[in-house]
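Peer 1: Spelled out, the chains give:
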Amino acid sequence: MNSEAHTPPLKATSIHRSEGWQGLRLDLWQSRASILILLGLLVFNALFTPHFLSVQTLNVNLTQVATIIIVAMGMTLVIATGGVDLSVGSLMAISGVLAPLIFLNAAFGKAPALGVALALVVPVLVAAAFGFLNGLFVTRLRLQPIVATLVLYIAGRGIAQVITGGQLVSFTRPDFAYIGLGRPFGVPFQVLIMLVVVAVTYWAVKRTVFGRYVLTVGGNETAARLSGVPVARVKLLVYSISGLLAGLAGLIVIAINSSSDANQVGQGMELDAIAAVAVGGTLLSGGRAQVLGTLFGALIIQLIRFTLLAKGVPDSAALVVKAAIIIVAVALQQRRRRE
Amino acid sequence: MQDIQKQFAGVVALDHATLTVLPGEVHALIGQNGAGKSTLIKVLTGAYRKDGGTVLFGGKSVDFASPLAAQVGGITTIYQEVNLVGLRTVAENIFMGREPKRFGLIQWGAMNAEAARLLAGLGLTLDVTRPLEEFSTAIQQMVALARAVSVQARLVIMDEPTSSLNEREVETLFGVIRTLKRGGVSVMFVSHRLDELYAVCDRITVMRDGKTVYSGEMSSISRLQLVEQMLGREIRSEGAQTGFARTGAAQDPGTGQPLLNASHIRAGARLTDASIEVGQGEVVGLAGLLGSGRSELARIVFGADRADHGEVTLGDQHAAFRTPIDAIRAGIGFCSEDRKAEGIVPELSVRENLTLALLPRLSKAGIVDTRRQAEVVDRFIARLGIKTSDPDQPIRELSGGNQQKVLLARWLAMNPRLLILDEPTRGIDVGAKAEIQQLIGELAQGGLGVLMISSELEELIEGCHRVTVLREGQTVAHLSGTQISEDQLLHAMAQGSAQDSLNHGEPRQAAL
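Residue numbers (the working numbering), protein chains in the order written: chain A, 1 to 339; chain B, 1001 to 1512.
It cannot be assumed that every hint is accurate.
[To be verified] Simulated coverage check for chain B against chain A, where a stretch passes if three residues somewhere in it have a Cβ under 8 Å from a Cβ of chain A: (1) 1333-1341; (2) 1365-1379.
[As the list claims (entries may be wrong)] Facing chain B, a subset of chain A residues (Cβ under 8 Å, in silico): (3) Gly109; (4) Lys110; (5) Ala113; (6) Val209; (7) Gly219; (8) Asn263; (9) Gln264; (10) Gln267; (11) Arg288; (12) Leu303; (13) Phe306.
[As the list claims (entries may be wrong)] Beyond 10 Å from chain A on every Cβ pair, some chain B residues (computed): (14) Glu1114; (15) Ser1136; (16) Thr1323.
No lab work stands behind these hints, which were simulated from the structure alone.
Since this is a predicted model, take the numbers as computed values, not measurements.
Even for Gly, the Cβ is constructed at its ideal location relative to N, Cα and C.
This is chain A alone, in the form it adopts within the complex (with noise of 0.2 Å):
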């Protein structure tokens, strides 16, 4: 009763609390374990990383981490309803060796533009069908997820190499490798894409029904279904939402590499993902959706990462250490939720 996640001191005067600023500073401070161990890792580097505090450091970190926040946008969504999505690495490939396949085509060789602009949109769409398709073993099938997903974690990167005939794709177009290599005012563009995924996904969360369902799916399934909530539609919807994210950070990674490649594009990344939603504080058995969390866990994670790299230390060490830090801040929330 008196832990001090649900009687926070900066108790406001309004009623609507939960509702604009108040609303973010809540939020914020219900992520205060996640953005103190932040704060510790960008002074240790600070003091200890050479040329750490520069905008390069920063942006290569940001485009590195870029594709994991806009995936555990996805991942949060679906884990609040009580599910998970292991399939998301293996859309990003199918997402990934579409697009090559399409820009590079002949047909388009007279109109590249609409080659470029079909290559950015139905890889995406093609993920968020595979996402739907994961809705309905969920549904329809009543599947638990971790198994419904984990048939297209395996079959998906499948039907990649298939696509591929396993082959690694390379090209030069400038004009689709904008998502990846872009750098309007600066900034590199797949930053700017997470920052309004972000946005969305936060906003959808507190404002709309949807969101409101999410939690309710996740929270409490007979009570949502007694109450007429369509609980169907709405594990449909995220689990199209997470096909569709992983689509676009499929196509981001690509645009990176400069090529395609159905054995490493998205390798790993559901892992990833969980790792940052579980590390923002979000219950995996559903119910609550911290997004901003799910950001800074990302962040956490990949400052980890980046530190490691910058110590030297080997990758295979740095996995383990990766794994420990993980259970640290994940007991961490625990903890405090028991309080």
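Position chain B relative to chain A; hints supplied.
Peer 2: Chain B in isolation, oriented as in the chain A frame:
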């Protein structure tokens, strides 16, 4: 078991409860929800530790630390949902954990033969090498019994074993129970079906409010006395016991315009032939013992479950709702009996819980109009006197009574035509209870039709214009006006219709 005491967070669950089961007898344990039956069983089997009292088993004082310890000690519990492994064979399930082995290898032949022999001892012949899940629930329960026999259990506790069985399966099960009894094994039988208790049990213990209120020979207590013991003669003086009395609602009959009419509803084994009518401005009680099909009928009307057969109309419209969404659109609200599991969304705020059903109407293009939402929330918090520090407070922090008020407000905000309330005042404090009862009366005076399921006689007598009584899935009585009395209600619940085939208790009275 003597003087057993158990408290949960200061709430007394068992208050010097006593239970004695003799060797080789079938003992019935009966009581309302929350009477303390399950708690007593859990103390006995080591799932809970007792706060006081003594447990003697076979003459020795025992205090099992876990259900496993109790099983080793000779007490086996068979739950409603059989806890065996469906994919393994019958024989494997019987011998799980103690398979006959030689050189570390399972002696399949010996095990199967022994399993078949055990089952034959219970009067069953089946292929013990087939997976358990291929068999019916009844057979699975008997396999569980065979397992109990093979571990030399001296007391078998069966918690509502018959709730999902059909008549023939029940007979088979009773045959097995009698076989066990002849072998000197005691059986503790928890059920709400009185017929079954009289058919198979030797002695009975009745619990109410954590106390043992009756214990004795099955044949020396009539059905009526049994139900009386279980529900308690609650009415101490005439009237003014409940919040209903304050409004005089029951004296003011509704407009008489029919609103809901459900007739001859049949669904699965739980409902065989149930009918009910509710008029505008009328509070209709739905009475019956546990397992009589009250909640099942309510869920069918609300579209949460489907009927196999029967007709439902709302107003002039045919109303076989396929989902709650359809029912809500047609103007029905439903407060479920299990507030925690089916009502509140614990992590969400009072505000979100209160407006959950209303959200589609509070939004434009999917965006919630928070100003209108706040208005609605403030209005209902004031109207119902919901005690919350802030509409943003998570609902789980509220008291039971206030949670229930929020759930009522969830439906009242929809301005429904019919409100179905399943045990609306269970488990909430006296003050909130009277307030809710008063509110229900006032709402009906305003023209709302209310269908109220209740196990409290005084709530039914003082609050309802009419009461429909269900017994074992059948409507057995429609009472109205002065007919709604304690005696009439108890009679209908206990003995029901004239088709009653068992000759226990007092001479039958016409239930209608």
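Peer 1: If you test the structure against every hint from before, which numbers come out violated?
Peer 2: Hints 3, 4, 5, 8, 9, 10, 12, 13, 16 are the ones this structure does not satisfy, whereas the remaining hints hold.
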